[in-house]
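Colleague: Sequence:
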Amino acid sequence: MIAVAPYIAAIAIALALLCNGWRLFRGPAIGDRILALDTMVINVIALILLIGMIGGSSPYFEAALVLAMVGFVSTVAYCKFLLRGDIVE
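Residue 1 is where the sequence shown starts when you use this note's numbering, and the numbers rise one by one after that.
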C-alpha cells in the first residue's frame, strides 16, 4: 500500500493543477489569476519533488528549489507591477 501512495499523491497534484488552470483562465479578477498561477507553481514544485522521491534522484530537489525561488520572485514582481506600474523603484 505504501508503494501506491506516491502515485495517488501525483494524481491529487494533477487534479489540483487542473483546478488551478481553470481558475487561471476563468478567474474574474486579476488577483484570482495571480493566486492561481502562484498555486500552480507550488503544485509543480510538489510534483517535481514527488518525481524525485519516486526515482530516488537528487537533481530534482535542486530543480524544485530553483523553481521555488524563481516563482516567489516572479509573483512579487508581477504584483508590484500591477500595483505601481513599475517593478524597480
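Hints are computed from structural coordinates only; laboratory data are not their basis. Where is the CB? At the ideal position from N, CA and C, for every residue including glycine. Check the hints yourself; a few may be wrong.
Okay, derived cross-link-like pairs now, SDA-like style, lysine to any residue, Cα gap no bigger than 20 Å in a straight line [what the hints assert, rightly or not]: (1) 80 with 15; (2) 80 with 69; (3) 80 with 39; (4) 80 with 32; (5) 80 with 35; (6) 80 with 49; (7) 80 with 13; (8) 80 with 64; (9) 80 with 68; (10) 80 with 46; (11) 80 with 36; (12) 80 with 33; (13) 80 with 54; (14) 80 with 30; (15) 80 with 38; (16) 80 with 11.
Using C-beta positions, here's what the derived DEER-type ranges look like [what the hints assert, rightly or not]: (17) 8 with 83: 37 to 43 Å; (18) 39 with 87: 18 to 24 Å; (19) 68 with 5: 32 to 38 Å.
Colleague: Sort out which numbered hints this structure fails and list those numbers smallest first.
Modeller: Hint check: 1, 6, 7, 8, 10, 13, 16 and 19 fail, others pass.
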